[in-house]
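Those protein sequence lines, which keep their order, are chains A and B. Here the working numbering runs 3 ahead of the position in the first sequence, where the first position is 1. Here the working numbering runs 1284 ahead of the position in the second sequence, where the first position is 1.
These are calculated hints, taken from the structure and not from any lab test. Fair warning: there could be bad hints in the mix.
As the list claims (entries may be wrong) - Short, incomplete list of chain A residues facing chain B, as computed with Cβ under 7 Å:
| no. | residue |
| --- | --- |
| 1 | Y124 |
| 2 | A125 |
| 3 | P126 |
| 4 | T130 |
| 5 | F215 |
| 6 | G216 |
| 7 | M219 |
Even for Gly, the Cβ is constructed at its ideal location relative to N, Cα and C.
This is what each chain is made of:
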Amino acid sequence: MTEPDATPTPDASFSRRGLLGLAAAGGIGAVAGLAAGAAIASAPDATGGTPASARYPFFGEHQAGITTPAQDRLHFAAFDLAPDATRDDLASLLADWTEAAARLTQGLEVGEAGAVGGSPYAPPDDTGEALGLPASGLTITFGFGPTLFGTADGVDRFRLAARRPAALEPLPRFSGDALVPERSGGDLCIQACADDPQVAVHAIRNLSRIAFGRAMLRWSQLGFGRTSSTSTSQTTPRNLFGFKDGTANIKAEEPDAVAEHVWVSREQGPEWLVGGSYLVARRIRMIIESWDRVQLAEQEALFGRTKGEGGPMSGGGEFAAIDLAATARDGSPVIARDAHVRLAHPETNGGIRLLRRGYNFVDGNDALGRLDAGLFFLSFQNDPEHFVTVQRSLASDGLNEYLKHVGSAVFAIPPGAHEGDSIGDTLLN
Amino acid sequence: MPAADGLNSDGTSAWLDWRPSTPEQRTQFGDQLVADVQQLFDQVTDADFSVSLSDISNGAIGLLDEVATGKISGEEDWWSHTDLTDFAANVDGASVAFGNVQKLAAQSDEGAKLAEEIETQFDALERVLAQYGSIEAGFTPYDQLTDAQRKQLSDAVNALAEPLSQLTSTVLGL
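Bound conformation, chain A alone:
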């Protein structure tokens, strides 16, 4: 990583394309109200990803890592505040995290002394594994869990109960839930996304280190392949079922849809959360060994899309509108009643759309020799109830036979911070 510099300039590893992207970002950064992520997406590479040298501003109206074109890699972490932590500890932690995140996302080391520039008699400031790596499109997104506003037994540790958004409740139980408490919940969360896994891990590792004594890691998840595209500049990726996923996702280039479905509005409130969102995280285990024995025609029927191109079974290419009413000659629906696309479709759910930003994961294998694989589902929406509606609709999803939800969490995502302020200032001040 390069040394701190008041006006970061592209280093030698920046591609020509990256330079163009930065120039575009610099120019558009001044335009208020435009999602920072969308601005830099003007420099996609041939595969629809972003160049390794992409840098997204940390400060802005909204937090980055939501409408930012989904990076290829994820390290997600949930934290609990220490048992004796005070409101001041929470505020100081968020201030320290903000300062660190602002540096890390620009490709800088976590502190000014860095990995090798400090005292030889003290542990290095930065853990060092990202030395020499570019920013790699790193975004760091912070969130607040329901327990921050009051524990399950009603203790208001940080005098925040009165500021709790009414919509921020633990998710209800869904059919097919096999939740593991140690993989669920959390007072705080950090979503670190980057195009280089080492950069994402470096971010979570150093932010965890900053938190010691104030907050401790509760659970964390690595993701290796994005399963959604959040920009029209990106190709649609595939999940571990081998299908294109997120074709109809909300894209950064649809500002009206983003405003309608993703950002918390003034009418919705509370005031401190305006311009923020809600994040739902679900660790969904896929029983892929069984899935792999399912015949192609049945796989496609279960999804409601073709496996190759990803077009709807009602006809047309990947981006063709889905015709849920289409019937076959015998009168049966072309898109089956229990097909995934039907049950997840906005038409089935009163027009609800989620901004999905999930990742594939494989965490080794279980005791039976099956891959511990699946989808780490992440969705942003301006009301968690939207997720609940879609998830309830999916109760009869034919895919459920091959799915098991093992982790679950919901977080309020505060708006972005302006330079000089900290994430969470709107909540705490």
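Keeping the supplied structure of chain A fixed, place chain B upon it in accordance with the hints.
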């Protein structure tokens, strides 16, 4: 420390060699242990004995690192489950070492802040440990602690170890 084999033989022989020790071997280990302790005592009470400031602060850091790597996992005393006694002894040792350099560390504003934080975290860790006994009265066998209880201890160790790792640099002012 040279010739300190006896100090560790009781534990390590169980790992390296599954056969139980014979009475003769135990006598031999015991004799060696007494001799090692005597040698240690002679060395530290010798008129020429000296330790540097960094030896002391690094000693405190090292004692806590031992807790974080070996004892918190319960692997060091796999057979006897007396990990918490070792744990508490290390914390005591680290606390004494810290006490010796605390005033020196606190000379600068930043150093005073660090020393205060270390003291707070020592107190917090000692409170968590005290739930399970004391060195005098003995501790709950480590295998009887739940994962959540072990994590609470681990969190307290991390909370102390992080500021403590800055102690040497602060004491030396380098």
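Now the hints, each set against the structure:
Interface restraint check: Y124 (chain A) against chain B, minimum CB-CB distance 4 Å, threshold 7 Å, status holds. Checking A125 (chain A) against chain B: minimum C-beta separation of about 3 Å stays under 7 Å; hint holds. The criterion of a C-beta within 7 Å of any C-beta in chain B is met by P126 (chain A), whose closest approach is roughly 5 Å, and the hint holds. Checking T130 (chain A) against chain B: minimum C-beta separation of about 13 Å lies over 7 Å; hint violated.
Hint status for F215 (chain A) relative to chain B: holds, with the closest Cβ pair at about 4 Å, below 7 Å. Because the beta carbon of G216 (chain A) sits about 3 Å from the nearest beta carbon in chain B, less than 7 Å, this interface hint is met. Below 7 Å, beta-carbon pairs count as interface contacts, and M219 (chain A) has one with chain B at about 5 Å; its hint therefore holds.
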